[in-house]
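Start from the sequences and build out the full structure, keeping to the hints where you can.
Chains A and B, in that order, give the protein sequences. Here the first sequence stands for residues 99 to 205, where the numbers follow the working numbering. Here the second sequence stands for residues 2 to 115, where the numbers follow the working numbering.
I should point out that these hints are in silico values taken from the structure, not numbers from a laboratory. A couple of the hints might just be wrong.
[To be verified] Partial list, derived from the structure: chain B residues whose beta carbon lies under 8 Å from chain A: (1) L44; (2) D57; (3) L97; (4) G98; (5) Y101; (6) Q104; (7) F105.
Model, not experiment: these values are computed from the prediction. Glycine residues also receive a C-beta, built at the ideal position from the N, C-alpha and C atoms.
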Amino acid sequence: RKEVEQDPGPFNVPEGATVAFNCTYSNSASQSFFWYRQDCRKEPKLLMSVYSSGNEDGRFTAQLNRASQYISLLIRDSKLSDSATFVCTGSQGNLIFGKGTKLSVKP
Amino acid sequence: GAGVSQSPSNKVTEKGKDVELRCDPISGHTALYWYRQSLGQGLEFLIYFQGNSAPDKSGLPSDRFSAERTGGSVSTLTIQRTQQEDSAVYLCASSLGQAYNEQFFGPGTRLTVL
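Here's what the structure looks like:
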């Protein structure tokens, strides 16, 4: 089983839609969870950390479910500029990156 | 600048030549990582430094790949006798303290082997 798994997508959604991504991790001892955003031909940029109690940053909400070993990212009121690949992490010593989920927001 | 920097931004080389890629991490970041990313693919971990030591070099794909870090700062990734399959973007990241802290990425070096 892969250490961090994500649905590669693409998720094609209209502007204004709400979209959610899940990411499962295999190491129950994972300590750190983050969501990164990667635009085409750019480096990954940290979007937000994921805390046990869940956390929100504007239109973005991240949650952690330790019992089922997954993290989620919810994007409300999608914008065209949200089109990107979203990459989650678990950890096993170092951060382990998923392969990313591609989001395309259409007008 | 405050971020991770990498040089060169682009490198075109001929098969069989050696290349050196450089990474300058965020000042004070003790951990440094090298990744490789092929077009449309995820990040492939290569090597991790804590200070000048490399406790995890498990991702280096062959003995043609090596990396070093000096002074707890700048790191160099060297690829000897490059092959066409080495063509990819090589990304460097750094983090503060523990290995599981958030990583900050440089802009990458796009390597093309002809």
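| Does B/Q104 meet its interface restraint, that is, does its C-beta lie within less than 8 Å of any C-beta in chain A? | 6 Å, holds
| query | Do the numbers back the hint for B/D57, that is, is its least Cβ distance to chain A under 8 Å? | reply | This interface hint holds because 7 Å falls under the 8 Å limit.
| request: Return the status of the interface hint for B/F105: holds when the least beta-carbon distance to chain A is below 8 Å, violated otherwise. | output: 7 Å, holds
| task | Tell me if B/G98 is really an interface residue toward chain A, meaning its C-beta lies closer than 8 Å to one of theirs. | result | 12 Å, violated
| query | Once the shortest beta carbon distance from B/L97 to chain A is found, is it less than 8 Å? | reply | 12 Å, violated
| Agreement of hint B/Y101 with chain A interface, Cβ distance less than 8 Å | 4 Å, holds
| request: Under 8 Å, Cβ to Cβ, is where B/L44 needs to be relative to chain A, so tell me if that hint holds or is violated. | output: Holds: closest Cβ of chain A sits about 5 Å from B/L44, inside 8 Å.
Checked against the numbered hints listed earlier, the structure breaks hints 3 and 4; every other hint is satisfied.
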